[in-house]
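Protein chains in written order, with our numbering: chain A, 1 to 146; chain B, 1 to 507; chain C, 1 to 331.
Everything labelled a hint here was simulated from the structure, so no lab data went into it.
Treat the hints with care, as some may be off.
[Stated by the list, open to error] Derived lysine-lysine pairs resembling DSSO-like cross-links, with alpha carbons at most 27 Å apart: (1) C:K291 with C:K253; (2) C:K140 with C:K122; (3) C:K283 with C:K187; (4) B:K350 with C:K187; (5) C:K311 with C:K122; (6) B:K350 with C:K140; (7) C:K253 with C:K146; (8) A:K58 with B:K350; (9) C:K296 with B:K350; (10) C:K248 with C:K187; (11) C:K156 with C:K146; (12) C:K140 with C:K63.
Please read these numbers as outputs of a predicted model, since none were measured by experiment.
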Amino acid sequence: MTIDRLSGALLVLLGVFVVWERRVLPLGSSQHPGPGYAPLLLAILLIIFGAILIAGGKGSPPLRSISWPEAPHAAAILACCIFTTILMERIGYRLTIFIILGFLFGVMERMKIWLVFTLAIGFSLGSFWLFDSLLRVPLPRGGWNF
Amino acid sequence: MEVSFQNLILGFATVLTPTNLLYALLGCLIGTMVGVLPGVGPLAGISMLLPTTFGLDATSAIILLAGIYYGAMYGGSTTSILMRIPGEAASVMTCIDGYAMARKGRAGPALAIAAIGSYAAGTLSVVGLMFLAPPLARFALGFGPPEYCSLLVCGLVVLSYMTGGSIVKNLSMITLGLMIGIIGIDQMSGYFRFSYGLVSLGDGVGVVPVAVGLFGISEILATAGSPDRREVINPRFRDLLPSKQELKDSIGPIGRGTVLGFLIGIIPGSAHIISTFVSYALERRMSKHPERFGEGAIEGVAGPESANNAASTGALVPLLALGVPTGPIPAVLLAALIVHGINPGPLFIKEQPVVFWGLIASMYLGNLVLLLLNLPLVSIFVNLLRVPYRILYPAILMFCVVGVYAVNSSMVDVGIMSVMGILGYLLRKMDFETAPLVLGVVLEPIIEYSFRQALAMSDGAYSIFVLRPISAFFLVVALVMILLGLKPLIKKTKDWRERLTEAERGA
Amino acid sequence: MMRSRRVLLAVMAMMCVGTIGLFAGASQAADSYPSRSIQIIVPFPPGGVADLVGRPFAAALEKLLNQPVVIVNKTGAGGAVGHQAQAVAKPDGYTLMVALSSISFMPEVDSMFGRPLAYKLKDFAPIALLSSDPTILVVKASSPWKTLADFVADAKKRPGEIKYSSSGVYGTLHVATEMFAYDAGIKLRHIPTGGGGPALNALLGGHVDATAAGPNVCIPQMKAGAIRALASWGDKRLASLPNVPTFKELGYKNTEFYIWSGFFAPAATPQPILKVLREATAKAVQTPEFKGAMDKMATPIAYLDAPEFQKFWDNDAARSFKAIRNIGKVQ
Numbered sequence: 001m002t003i004d005r006l007s008g009a010l011l012v013l014l015g016v017f018v019v020w021e022r023r024v025l026p027l028g029s030s031q032h033p034g035p036g037y038a039p040l041l042l043a044i045l046l047i048i049f050g051a052i053l054i055a056g057g058k059g060s061p062p063l064r065s066i067s068w069p070e071a072p073h074a075a076a077i078l079a080c081c082i083f084t085t086i087l088m089e090r091i092g093y094r095l096t097i098f099i100i101l102g103f104l105f106g107v108m109e110r111m112k113i114w115l116v117f118t119l120a121i122g123f124s125l126g127s128f129w130l131f132d133s134l135l136r137v138p139l140p141r142g143g144w145n146f
Numbered sequence: 001m002e003v004s005f006q007n008l009i010l011g012f013a014t015v016l017t018p019t020n021l022l023y024a025l026l027g028c029l030i031g032t033m034v035g036v037l038p039g040v041g042p043l044a045g046i047s048m049l050l051p052t053t054f055g056l057d058a059t060s061a062i063i064l065l066a067g068i069y070y071g072a073m074y075g076g077s078t079t080s081i082l083m084r085i086p087g088e089a090a091s092v093m094t095c096i097d098g099y100a101m102a103r104k105g106r107a108g109p110a111l112a113i114a115a116i117g118s119y120a121a122g123t124l125s126v127v128g129l130m131f132l133a134p135p136l137a138r139f140a141l142g143f144g145p146p147e148y149c150s151l152l153v154c155g156l157v158v159l160s161y162m163t164g165g166s167i168v169k170n171l172s173m174i175t176l177g178l179m180i181g182i183i184g185i186d187q188m189s190g191y192f193r194f195s196y197g198l199v200s201l202g203d204g205v206g207v208v209p210v211a212v213g214l215f216g217i218s219e220i221l222a223t224a225g226s227p228d229r230r231e232v233i234n235p236r237f238r239d240l241l242p243s244k245q246e247l248k249d250s251i252g253p254i255g256r257g258t259v260l261g262f263l264i265g266i267i268p269g270s271a272h273i274i275s276t277f278v279s280y281a282l283e284r285r286m287s288k289h290p291e292r293f294g295e296g297a298i299e300g301v302a303g304p305e306s307a308n309n310a311a312s313t314g315a316l317v318p319l320l321a322l323g324v325p326t327g328p329i330p331a332v333l334l335a336a337l338i339v340h341g342i343n344p345g346p347l348f349i350k351e352q353p354v355v356f357w358g359l360i361a362s363m364y365l366g367n368l369v370l371l372l373l374n375l376p377l378v379s380i381f382v383n384l385l386r387v388p389y390r391i392l393y394p395a396i397l398m399f400c401v402v403g404v405y406a407v408n409s410s411m412v413d414v415g416i417m418s419v420m421g422i423l424g425y426l427l428r429k430m431d432f433e434t435a436p437l438v439l440g441v442v443l444e445p446i447i448e449y450s451f452r453q454a455l456a457m458s459d460g461a462y463s464i465f466v467l468r469p470i471s472a473f474f475l476v477v478a479l480v481m482i483l484l485g486l487k488p489l490i491k492k493t494k495d496w497r498e499r500l501t502e503a504e505r506g507a
Numbered sequence: 001m002m003r004s005r006r007v008l009l010a011v012m013a014m015m016c017v018g019t020i021g022l023f024a025g026a027s028q029a030a031d032s033y034p035s036r037s038i039q040i041i042v043p044f045p046p047g048g049v050a051d052l053v054g055r056p057f058a059a060a061l062e063k064l065l066n067q068p069v070v071i072v073n074k075t076g077a078g079g080a081v082g083h084q085a086q087a088v089a090k091p092d093g094y095t096l097m098v099a100l101s102s103i104s105f106m107p108e109v110d111s112m113f114g115r116p117l118a119y120k121l122k123d124f125a126p127i128a129l130l131s132s133d134p135t136i137l138v139v140k141a142s143s144p145w146k147t148l149a150d151f152v153a154d155a156k157k158r159p160g161e162i163k164y165s166s167s168g169v170y171g172t173l174h175v176a177t178e179m180f181a182y183d184a185g186i187k188l189r190h191i192p193t194g195g196g197g198p199a200l201n202a203l204l205g206g207h208v209d210a211t212a213a214g215p216n217v218c219i220p221q222m223k224a225g226a227i228r229a230l231a232s233w234g235d236k237r238l239a240s241l242p243n244v245p246t247f248k249e250l251g252y253k254n255t256e257f258y259i260w261s262g263f264f265a266p267a268a269t270p271q272p273i274l275k276v277l278r279e280a281t282a283k284a285v286q287t288p289e290f291k292g293a294m295d296k297m298a299t300p301i302a303y304l305d306a307p308e309f310q311k312f313w314d315n316d317a318a319r320s321f322k323a324i325r326n327i328g329k330v331q
């Protein structure tokens with residue numbers, strides 16, 4: 001399996017998915033294109049490009065040639081993103097940022113505990129003050145208004 | 001409108017009172033600040049300060065608020081260059097070569113050339129605004145849906161020069177971007193498309209979360225744990241400013257970017273975003289060394305940065321000459337004028353000479369102030385890069401989150417950013433470019449709706465695209481460019497693109 | 001070993017905080033209201049009518065309630081995003097909303113398309129009506145139509161050929177214009193655009209033949225001789241445009257439409273809090289700052305307290321529902 005073949009196959013799959021999902025949107029005509037016109041057109045294009053990638057992808061580097069040395073860090077950062085997305089409006093901006101920074105500094109980077117706390121508290125409270133209090137761009141406060 | 005010496009004197013006499021001077025300075029300062037901070041764009045900055053200007057007279061208020069507007073355009077490139085976080089759609093292109101320069105230890109010149117380019121573009125566009133506002137504004141209103149559609153077709157042809165690499169891969173990325181752009185309520189019929197019951201997706205997927213995810217988040221995902229983390233670069237003073245060669249290389253891009261940005265900026269609607277994309281593509285096409293683009297070419301910073309500044313001034317043309325706002329930010333400026341009892345219409349310049357010429361004069365001064373303010377800031381910002389990366393990347397993550405959230409107070413946007421971060425990371429691994437994807441997201445609504453609006457106007461007749469002169473002109477230009485692109489195929493000479501691929505293979 | 005313990009600890013801490021977060025949110029005593037800053041959601045971008053009314057109003061409230069009052073622009077889906085956020089907000093009086101007439105449209109459109117409703121009108125407790133402006137039908141000054149009668153006669157001759165631009169499909173200007181078209185028995189060609197500004201730009205650029213707009217936007221263009229007003233959707237003639245007749249006096253009895261802005265709380269807000277807000281609002285609209293700001297915008301204050309506002313809103317929503325039903329699904 002090569003990189004191009006895999007990505008081509010994914011594009012074709014996505015195209016087929018969009019063609020299927022589009023069926024509820026009226027197509028209209030070429031004189032009066034409806035809401036389903038552009039999605040269908042683009043899905044067909046995507047399938048064509050995906051097919052070209054599959055057809056010509058024999059010579060591209062194999063999938064195994066991709067190395068993932070940074071994967072643990074990437075997974076940790078992604079976990080932080082997901083954590084933020086789900087909980088920031090519930091527990092508030094300051095707490096969320098404190099937790100993800102504490103996690104990244106303390107667990108991933110293994111800094112000294114006092115430095116972790118100083119940085120995490122400083123960044124979370126400082127950015128909140130800058131955006132919310134000074135610039136009046138409201139940031140979420142959680143259930144207990146913090 | 002006569003541009004008489006007298007009018008300019010009137011303008012400068014208005015600005016050079018201590019209070020107005022102070023407000024111009026204050027506006028530029030706040031503008032720089034909201035421009036540098038991701039998420040807090042000029043829109044938030046102006047509307048935040050609007051109530052505090054209720055007590056001022058109209059001229060001071062508009063000088064202050066306009067200062068925030070064009071000041072923000074200066075700061076917009078900072079996070080793009082330093083951390084690869086595009087604070088707004090206009091600085092997406094700066095991310096590519098600006099950040100590449102920063103990784104090579106040339107963050108100083110990149111930031112400096114962005115400030116210099118912005119200054120040149122800002123000042124030249126004010127000249128354009130002063131002399132040409134009324135006729136240009138009338139021309140701009142002639143841009144209806146068919147013209148828009150043809151302009152974008154023409155733009156797409158230019159944009160095919162934007163990135164190197166495999167053509168099929170780039171085209172599939174543009175298509176994928178266009179597809180993401182479809183998400184949301186169909187403006188023409190009211191149908192929800194691919195939003196799966198999420199009302200927050202009604203206006204579609206925002207450009208900022210997509211761009212911050214694809215550029216900012218994917219960058220820390222790929223760099224944070226990699227063994228070749230960026231080294232700490234000690235900037236020396238002479239590394240802060242562009243070299244003579246870099247300055248010389250930037251003159252052309254700045255000039256072309258200014259003209260391009262100004263002209264695209266005056267057109268009503270959201271097309272001014274594409275001025276940076278077109279400018280980048282144009283510079284890459286005209287360059288003798290297109291292979292340097294993406295690896296830290298200073299032209300790739302100078303062109304787009306000038307274009308976005310010129311476009312922001314260009315957008316003031318229809319506002320001041322005819323009283324019609326062409327985008328969200330001019331709409332806020334219009335609102336600011338209205339709140340101060342001035343309701344600008346076509347008679348605005350004649351009826352309110354003090355406000356108009358005061359604003360013009362304040363923009364000359366403000367741009368100069370911004371240049372003087374931003375050049376010393378370069379050394380401060382560059383020093384941020386001395387912070388060890390293990391402290392920097394969690395902070396970058398925090399800035400991405402707050403920047404994306406602040407735009408629309410929406411957690412869904414933060415979710416989109418996370419998803420786009422993963423997507424961008426995987427695409428990098430699989431050797432796809434992400435800039436065409438962002439471009440697709442930006443262009444989809446404009447291109448689809450202008451096409452369908454045009455057909456609604458003509459009741460389905462495609463002749464509307466060729467019977468209207470401006471639209472026909474763009475289609476002819478597009479055709480000529482396609483033919484020029486085909487020439488190498490016919491003459492069997494090698495296209496620059498092939499030469500480039502060969503050079504890359506050899507290297 | 002050390003590392004895995006840290007990971008475990010961190011994960012546990014995250015879970016704890018998360019669970020507490022889910023259940024937090026005990027109610028607050030109403031007698032001390034307001035004890036912290038209040039957010040007012042504006043479901044439209046800065047510079048729009050809701051924002052222009054909301055900001056000076058928030059500034060006036062801030063002084064009366066002695067707490068910061070912050071405007072949050074939660075935009076998207078023609079206002080639905082902000083409306084929905086308000087509908088599900090905690091009814092503690094700290095999340096309020098200034099919304100426009102279009103708040104009534106979305107549930108009707110949703111049910112017409114058979115979609116789950118994003119929110120219901122019953123989700124909101126109206127506090128006060130702040131402003132109310134009729135829209136005005138305008139055409140280019142160079143057009144052949146001098147009066148509404150000319151316009152209607154021509155439209156009857158060429159059904160579906162006269163083009164008008166609107167602020168968007170099922171937006172205020174679309175609903176208003178179709179209400180009139182239905183009443184007059186004419187068919188117009190609809191060109192939706194991205195908002196009130198672009199709709200007027202399309203008329204000024206000559207891409208469409210007519211549009212509807214609020215008086216404060218029309219007046220400067222009329223003064224400059226760019227456009228002509230044919231009729232207004234109001235109940236009586238506007239003080240600022242005494243020569244423009246209303247649709248009602250021209251015989252279109254069912255054509256009445258306003259772009260109004262109102263102040264809302266979530267429906268379950270306790271009465272004592274609503275009372276505080278109603279009293280503060282009654283005072284706020286009387287402050288010279290708010291009056292001055294609205295005066296400069298040429299937008300008359302049309303204050304109505306909650307009960308009268310509810311009545312006004314019910315009538316207005318009923319008219320709009322009928323118009324939306326008449327439009328039907330757009331293909």
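Against the structure, the hints come out as follows:
no.: 1; hint: C:K291 with C:K253; result: violated (32 Å)
no.: 2; hint: C:K140 with C:K122; result: violated (41 Å)
no.: 3; hint: C:K283 with C:K187; result: violated (46 Å)
no.: 4; hint: B:K350 with C:K187; result: violated (40 Å)
no.: 5; hint: C:K311 with C:K122; result: holds (14 Å)
no.: 6; hint: B:K350 with C:K140; result: holds (22 Å)
no.: 7; hint: C:K253 with C:K146; result: holds (21 Å)
no.: 8; hint: A:K58 with B:K350; result: violated (68 Å)
no.: 9; hint: C:K296 with B:K350; result: holds (20 Å)
no.: 10; hint: C:K248 with C:K187; result: holds (19 Å)
no.: 11; hint: C:K156 with C:K146; result: holds (16 Å)
no.: 12; hint: C:K140 with C:K63; result: violated (44 Å)
Hint check: violations occur at hints 1, 2, 3, 4, 8 and 12; the rest are consistent with the structure.
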